[in-house]
Amino acid sequence: AQTVTQSQPEMSVQEAETVTLSCTYDTSESDYYLFWYKQPPSRQMILVIRQEAYKQQNATENRFSVNFQKAAKSFSLKISDSQLGDAAMYFCAYTSYNTGNQFYFGTGTSLTVIP
Amino acid sequence: ETGVTQSPTHLIKTRGQQVTLRCSSQSGHNTVSWYQQALGQGPQFIFQYYREEENGRGNFPPRFSGLQFPNYSSELNVNALELDDSALYLCASSSLDRAIPSGANVLTFGAGSRLTVL
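Line order of the protein sequences matches chains C and P. Using my numbering, you'd call the opening residue of the first sequence number 1 and step up by one each time. Using my numbering, you'd call the opening residue of the second sequence number 116 and step up by one each time.
Don't take every hint at face value.
[As the list claims (entries may be wrong)] For each label pair, taking beta carbons as the anchor points, the in silico distance ranges come out as:
hint : chain 1 : residue 1 : chain 2 : residue 2 : range
1    : C       : S74       : P       : Q132      : 42 to 48 Å
2    : P       : T124      : C       : E17       : 31 to 37 Å
3    : P       : S142      : C       : Q14       : 35 to 41 Å
4    : P       : L198      : C       : E17       : 22 to 28 Å
5    : C       : T3        : P       : L198      : 32 to 38 Å
These are calculated hints, taken from the structure and not from any lab test. Here a beta-carbon is modelled for each residue, glycine too, at the ideal position from N, C-alpha and C.
Just chain C, with the same shape it has in the complex (with noise of 0.2 Å):
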């Protein structure tokens, strides 16, 4: 089975400064996705940002981008520039064809911004 693993449960950023959430997965599978999802106190999951494993080229979408290592099943996200509503739960996840429509999320990382 596949399994996402957040090692960082909580994280602190100054405001203006970056930050970078980790992530490792474990899969015998080529082609997957993987995500990055926040959650505010609000509780609704947000995606972040998109990741396909058959692009060599890490996405980026405005302040959040990834650093996507394949061969090393690791998937993290750097925020630049935080600023106070980049406060939230972030959970990473993958899904692949064969998991059938499935996601898989990991535990979580806490990010605070401090003002």
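Given the coordinates of chain C, work out where chain P should sit on it, guided by the hints.
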């Protein structure tokens, strides 16, 4: 476009009771997935419904059941509630096209229903 809406937002039940949670999918989406998120954990896949039929199930017992209606809305039913069923239940909709790998269909989540079992 309307997003994913869930009801109720909070509810309290006692052990042994039954509960029904409801979800309206985002406009244009044909698939609904349900996830259970225990306190301090990531969401765990319960099942998915596509065209009114179950289309994948996670490691949950049969007392967790669901329905999808012709308008693509969905219900999650849990019978014989146990204390460990206390969690946030998240509904997510997507637009499934079997010609496209599932990961290409991004999940859009609702704000969840917080269930407390006493």
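What are the numbers of the hints that this structure violates, sorted from low to high? Checked against the structure, the hints that fail are numbers 4, 5, while the rest are satisfied.
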